[in-house]
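Work out the full structure: start from the sequences and follow the hints.
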Amino acid sequence: MMLTRYEEGALRGEHGDILQMAYRILVATGEATDAERLIPVNWVHLSGVNYNTIGDAGEQFLRSIRHKARVRVKTTLNPAGFDRDTVHEYDITEEFIKKQESIRKSYEMMGVETSFSCIPYDIFDIPAAGTQVSFAESNAAIYANSLDNLKTNKESAFSALASALTGRSPYNEFRKDVYPDVTVEMKIPNPTELDWGMLGLFAGRVSEKCVSISGAVPSDRRACKALCGGMGTSGTCSKFTMDTAPSTEHISFDEREAKNIHDELATAETGDVIILGSPQLSLPEIESLMVMLRGRRFTKKCMLFCPRIVKESAAPYIKALEKANVHVLADCCACLTPLLSPDNTDGVITNSIKGAYYLRKSNGLDVSLKPLQDIIREYTT
Amino acid sequence: MRRLVGGRATGILTHTHQPINFLGMVNKDTGIVQDASHDLYGRSLQDTILALPYGIGSSVGAYTIYSIKSNNAAPSAILCERPDLTVATGCAVANIPLAILDTFEMESLHDNSKITVDVDAGMILYN
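Line by line, the protein sequences give chains A and B.
Note that my numbering gives residue 24 to position 24 of the first sequence, counting from 1, and the numbers run on in steps of one.
Note that my numbering gives residue 3 to position 3 of the second sequence, counting from 1, and the numbers run on in steps of one.
Careful, some of the hints might be misleading.
[To be verified] Cross-link-like lysine to aspartate or glutamate pairs, in silico, EDC-like; alpha carbons within 20 Å at most:
(1) A:K361 x B:D118
(2) B:K69 x A:E59
(3) A:K209 x B:D84
(4) B:K69 x A:D17
(5) B:K69 x A:D56
Since the hints were derived computationally from the structure, they do not count as laboratory data.
This one's a predicted model, so the numbers in the text were calculated from it and none came from an experiment.
Structural data, given as structure tokens:
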């Protein structure tokens with residue numbers, strides 16, 4: 001990989017040990033992904049925030065660099081482990097709270113905007129088409145590449161942090177114009193967001209870089225986000241397009257493929273908690289939920305995850321949502337959440353493939369998968 | 001030899017043909033391989049030159065590499081057949097020399113020998 005004189009110097013330690021480490025990460029990542037050089041990025045979205053994920057090693061690492069490390073570009077942050085407003089309603093240890101607080105403080109000291117959100121595309125202004133960014137959250141990277149015309153690798157927590165500290169990122173094939181390597185045809189009539197999530201998971205398994213989707217178009221934001229979330233949980237594919245790719249192999253996604261994925265992830269017919277918001281919900285999605293509920297109340301506790309700015313904007317609805325048995329949680333997400341475990345929950349009901357994947361594999365919970373319209377029909381009065 | 005993380009280190013070569021998932025397979029405090037299904041089960045990675053095909057599993061495994069280095073239980077250098085982002089970023093953060101070897105170079109390694117790896121010079125020396 002070609003480096004500028006400044007970058008070579010930084011790698012040798014001429015600009016301090018933090019930048020030396022950051023360039024070491026960028027060079028290792030660049031060499032591992034056949035990048036030819038480093039290029040500037042103007043927005044970084046970091047993962048590696050939830051104490052449940054990064055543990056003591058991550059907390060200690062961030063604490064060890066926070067006095068010297070400063071981000072050089074706009075840097076936003078993935079969700080943490082809990083909503084501080086309601087953390088005491090859950091079985092979260094003081095130790096966990098303390099370590100999560102230390103992680104928050106470390107990022108804040110480094111100059112990071114502590115947005116605690118996995119949907120930066122829903123809550124921040126989107127730069128001009130073609131802008132190079134570095135997103136470590138997989139659903140956000142896929143959304144940025146596919147729907148916002150931005151360009152990003154699916155970054156790792158460390159490579160994104162290195163990009164935040166330097167304002168640069170390896171220029172590898174994902175940052176260039178990528179073309180579909182396979183076409184997946186949606187064969188399910190009138191697909192729900194659950195069908196789109198399953199297609200996303202399926203497409204991520206059969207496509208390495210970019211997939212063309214034919215047969216139907218995700219009709220709304222809920223479907224688009226489900227598609228990105230599902231795709232992000234499987235494989236390396238970092239973009240989808242609705243452009244046709246006639247020369248690629250065509251694979252059908254039909255009822256049989258959907259059933260295979262459903263059987264793989266859904267382990268129960270029902271559960272005792274409803275989970276909405278993986279990826280987190282935006283304000284329009286909450287408003288749409290209010291319309292769908294039409295004053296009815298969930299018969300089971302419903303946990304709804306969203307960014308804090310969305311929770312604040314949804315203030316006029318919070319009372320009605322609480323009345324509907326919806327617990328709105330900011331700053332955190334269903335993925336790798338410490339709030340749910342087999343000790344306090346038998347099983348969850350969700351419309352999210354991404355949520356189902358992690359709640360089952362990481363939290364060890366039984367999962368029931370249904371589209372939102374069915375969840376509302378079955379579990380409200 | 002292709003440089004991913006530069007540097008030079010000496011140690012006893014520990015060669016496995018099985019990929020390693022650092023998150024879970026390796027004890028983050030002791031650097032001992034704790035997965036009974038792995039052919040390095042029970043062995044310590046501390047101060048070794050670790051040769052493996054590649055890393056697998058969650059990218060959070062990079063933090064395990066950082067942890068074992070912080071606990072002075074990490075390999076002195078790592079040699080892989082093919083690059084993966086977990087081992088690459090883990091070694092970069094922990095400042096552990098890391099190089100990619102081709103199949104011929106990998107097969108020429110003598111397990112349990114004392115070697116020096118100079119990633120910057122692209123050389124392996126048998127001591």
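Right, here's what the structure says about each hint:
1. A:K361 x B:D118: Not satisfied, since the Cα-Cα distance of roughly 41 Å exceeds 20 Å.
2. B:K69 x A:E59: Holds, at about 15 Å.
3. A:K209 x B:D84: 16 Å, holds
4. B:K69 x A:D17: 17 Å, holds
5. B:K69 x A:D56: Answer holds: K69 of chain B to D56 of chain A is near 14 Å, not above 20 Å.
Comparing the model with each numbered hint stated earlier shows that hint 1 is the single one that does not hold.
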